[in-house]
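J.: Sequence:
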Amino acid sequence: MDIKWLKSFIAVVEEGSFRAAAEKLYVSQPSITVHMKLLEEHLQVQLFHREHTKVKVSAIGEKYYPMAKKLVAQIEASTKEIHLEALHPAVPLIISVSPALLYTNLLERIHDFIEENQQYNVEIVLEDQMLLESAIKEQRIDVALGLHKFISKDFHSERIDRSPLKLVHSSKLQLTEKQLDLQLKALFAEHPLYIGYLNEHTPVVEYLNSEYVIKKFHKIKDVIFAIKLIKEGLGIGLLPESLISDEIEADMLRVVDIGTIATIYPVDIYMSHLRNSAKISPLTGFIR
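With this note's numbering, letter number 51 in the sequence shown gets 59, and the count goes up by one each step, no holes.
Hints were generated in silico from the structure; no laboratory data involved. Check before you lean on any hint, since a few could be wrong.
Claimed, not checked - Restricting the straight-line Cα-Cα distance to at most 16 Å, the calculated cross-link-like pairs of lysine to aspartate or glutamate (EDC-like) are:
1) K157 / D169
2) K180 / D169
3) K12 / E31
4) K77 / D10
5) K78 / D169
6) K64 / E84
7) K45 / E84
Everything numeric in this text was worked out from a predicted model, so none of it was measured.
Work out the full structure: start from the sequences and follow the hints.
T.: Structure representation (structure tokens):
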């Protein structure tokens, strides 16, 4: 089907005659006649009732009129879009986000960046933390957002956020002790402590273990899994405040003060990428 047939049909319906339609479209009247004949043959319906020089839209023609207008609008819009794409092709940009950061506002920031920078075709992936460096070197991803800093000189790794550790327990657990020291003793004696998902745990856990008797440690590599278990009251954990601020505000998790040790070893979020990568400059500037 030719878009010219549709435009001629729309013009005839709106102008009331082949002659007026031809004048509107700046074509000859025989061209309009040919277009209508071809369109009717293509659709296998009669769009007009013809009486000498007069034409009247048929019932099926009236039904087809809004469809034809919609088709023309879609074709013209897609043509314009593909022309713009050819002139300004989208730049692919692959961002790896650590699963631990799904609870932060980073995804909102990336969404805002996409809305303001339509020249990018952004893909968000979840990549194994241990494979990030090789993924960037092999250009499978462009930027990594995670909890670990890249040491290699091939990369630029900068801190974009810092958050103190919080010792948290589920609001389902009711602490009977009023004194803080007794609360901590009871928590460590009665509930396992989830560790293993952050390097920053090590010195804090060593300090706590020297002050209190910790009943049991459970190693969990996934922060999201740890948060779920802690919310269910199956243990307690040390977590960065930025990852659990919503749960604390909603009183799903409650914080027990462990003193200045929580701020001495804060958890940092890093943005890492190959050095001198020009195409990601708008993103890195936006996130900063």
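J.: Hint by hint, note whether the structure agrees.
T.: Tested hints:
With a C-alpha separation of about 12 Å, the suggested pairing of K157 with D169 holds against the 16 Å cut-off. Restraint check for K180 and D169: not satisfied, since their Cα atoms lie roughly 30 Å apart, outside the 16 Å limit. The hinted pair formed by K12 and E31 meets the criterion: a straight-line CA distance of about 14 Å does not exceed 16 Å. Between the alpha carbons of K77 and D10 the distance comes to roughly 13 Å, so the proposed pair stays at or under 16 Å and holds.
Under the criterion of a C-alpha separation no larger than 16 Å, the hint pairing K78 with D169 is inconsistent with the structure, at around 49 Å. Straight-line distance between C-alpha atoms of K64 and E84 comes to about 27 Å, which puts the hinted pair past the 16 Å bound. Distance check on the hinted pair: K45 and E84 sit about 23 Å apart at the alpha-carbon level, beyond 16 Å; violated.
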